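Going line by line, the protein sequences match chains A and B. Residue numbers for the first sequence follow this note's numbering, so the first one is 1 and each next one is one higher. Residue numbers for the second sequence follow this note's numbering, so the first one is 1001 and each next one is one higher.
No wet-lab data here; the hints were simulated from the structure. It should be emphasised that the depicted structure is a prediction, and the values quoted were computed from it without experimental measurement. Yeah, the Cβ is synthetic: ideal placement off N, Cα and C, and Gly gets one too. Fair warning: there could be bad hints in the mix.
Claimed, not checked - Looking from chain A toward chain B, a few residues come up when the C-beta cut is under 7 Å (computed): (1) Tyr27; (2) Phe56; (3) Thr61; (4) Leu82; (5) Ser109; (6) Ser110; (7) Asn112; (8) Ile135; (9) Leu136.
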Amino acid sequence: MELTNDLIKQRLQEKFGEQVSGFEEPYGMLTFEAPKELNLKVLQFLYDEADLGFRFMTDLTAVHYPSQPGRELAVVYHLHNLQANVRIRFKVFTAIAQPDVFSATRLYSSANWQEREAYDNFGVNFVGHPNLIRILNVDEMDYFPMRKEFPLEDQTRVDKDDEMFGRGGSTGFGTSPTADHHHSRYSDVPDGGEVV
Amino acid sequence: MSTHTENITLPQGNIEERTTKINLGPTHPATHGVFQNILELDGETIVAAEQTVGYIHRAFEKIAERRPLYQITPLTDRLNYCSSPINNMGWHLTCEKLLGIQTPKRVDYLRVIIMELARIADHLICNSIVGVDTGAYTGFLYVMQYRELIYEIWEEVCGSRLTTNIGRIGGFERDFNDIAFTKLEKFLKEYPVVLREFENLFTRNRIFMERTIGAGPISAERALNYGFTGPNLRAAGVDYDVRVHSPYSSYQDFEFAIPTGSTGDCYDRYLVRNREMWESLNIIEQAYRKIQDFKGEEATIFHADVPEYYLPEKKDVYTKMEALIYHFKIIMGEIDIPPGEVYQSVEGGNGELGFYLISDGGRSPYRLHFRRPCFIYYQAYEELVKGSMLSDAIIVMSSLNLIAGEMDG
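The shape of chain A in the complex, shown without the other chains (with noise of 0.2 Å):
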């Protein structure tokens, strides 16, 4: 039988009734998510079962939503079944006090940095992990960078003495009104319709 989306979805709801949910199928791709606590579980299904057989994890990722309490952080899983060529997105949401997800290692070896990458990054811990260290980043950094609300540094700013990059400075770039206009193109413009 051909391993269509409706099919997953519905050996999904078989197996696991309400807990998985938000089904959706952005350009194709069916994507739902489930509780934390059950991700092993799901992604166990997905890799035994016969008929579904998605043994290729593709991507493992982290998402943060600061306007969503309680499940601030996602951890997003792609997964895809090579034979029948089917993709799958999987979701699972925590919150940010108590970023604990399990770990997918023992299924997924390509898990490992993965999973490193993403406590790295925005701090979601892997139990279960064997090595769960940074690895990008500077093993000194106390936080985590990719989180919302470390926002980049707002290129407009002219507290700032930095001369060679044309802000402050002697030369007084950045405080002409053109030197200003120029830069306000990396700021976040609020509304084109005045520029226009």
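Model the placement of chain B on the given structure of chain A, informed by the hints.
Then chain B, alone, in the frame of chain A:
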């Protein structure tokens, strides 16, 4: 000899039972990039290895959260910089998927030419470096001249060579000029001879074979579990290729084979890359023929009609009000992108390069994640080199086609 050993007094204890830890990298000439391997050696045999990455982490994913789509293209250049155009095209395809842009066939075929040239440039570097690491410099020096021909074609199309920033959302910044096509013809004529000669140097070379056969093998099952993609996975015997499984840029219009190996060792990886170069040449020839078949107005199309995202031509900016407005809006990043969630992948030089883009409707992505193939498969390094000799560690690393820029993102 014997006179010398009489004078050496070793400390008590058997020195051969102890292991030695050495650092290979981060700035070792044989690591071809900034990454470090800590190897534990028993004599010359590797008993444990630990690989560390992150020395050139530049936080591209974070930077991308503040940039409009077209400003993210130069970031993708710097992932796998041996085949930047594939990364650029992958990014354009991701944007086009999100925005629902259909590209004309001619654009697709031109992109295929550029991407396959990039694949040849990438594989050529990788295979000739494997040669260098086994002690044969000649091949590397010889083929560099022909990679130059590829770079010259890119230079005609986009003006730059390594970090290309080639193409735009919806197509190309300009049509290929006659010089580009002349150079492409020259390449298609000269390159097969060179590739054959390169193969003659290595493929049945006894030293090369003895160094690479059985070095760093991996089974198909382990390779899949480790998330291998691209030539490394195919060398282990799995015929997974994004160009065939999820065709993009009209790859379905082309006839080509997916070469596979069986043991997944360095020699098989080398063979797969070489055969892929032949397939790429074949694809380029097919694409070039298809382009020549376009007649009349169709033969001049090089971008889709999407004024909100495609920069207008400079002469129109100076003379037409509408073009001026769009130019301004695009440059200032004032066009909001639709909300959505997209995953798009392309067959990069060393594996499946994926772009996971979440948009909440602002001017820049809410979150952008790059699936960097070599970041994922480099994890298998310890398993690949354990039990082999120190010299094997070097060629395993070069034959995996690890690019530090891509790994650290």
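Comparing the hints with the structure gives:
Nearest Cβ of chain B to the Cβ of A:Tyr27: about 6 Å, under the 7 Å cut. The hint holds. Hint status for A:Phe56 relative to chain B: holds, with the closest Cβ pair at about 6 Å, below 7 Å. Given the 7 Å rule on beta carbons, the hint for A:Thr61 holds: about 4 Å separates it from the nearest Cβ of chain B. Restraint check, A:Leu82 versus chain B: the minimum CB separation of about 5 Å is within 7 Å; hint holds.
A distance limit of 7 Å between C-beta atoms decides the matter here; for A:Ser109 the minimum to chain B is near 5 Å, and the interface restraint holds. Look at A:Ser110: its Cβ gets to within about 3 Å of chain B, closer than 7 Å, so that hint holds up. At its closest, the beta carbon of A:Asn112 sits 6 Å from a beta carbon of chain B; the interface hint therefore holds under the 7 Å criterion. Taken as an interface hint, A:Ile135 checks out: its beta carbon lies about 6 Å from the nearest beta carbon of chain B, inside 7 Å.
A least Cβ separation of about 4 Å between A:Leu136 and chain B falls short of the 7 Å threshold, and the interface hint therefore holds.
Checked against the numbered hints above, the structure breaks none of them.
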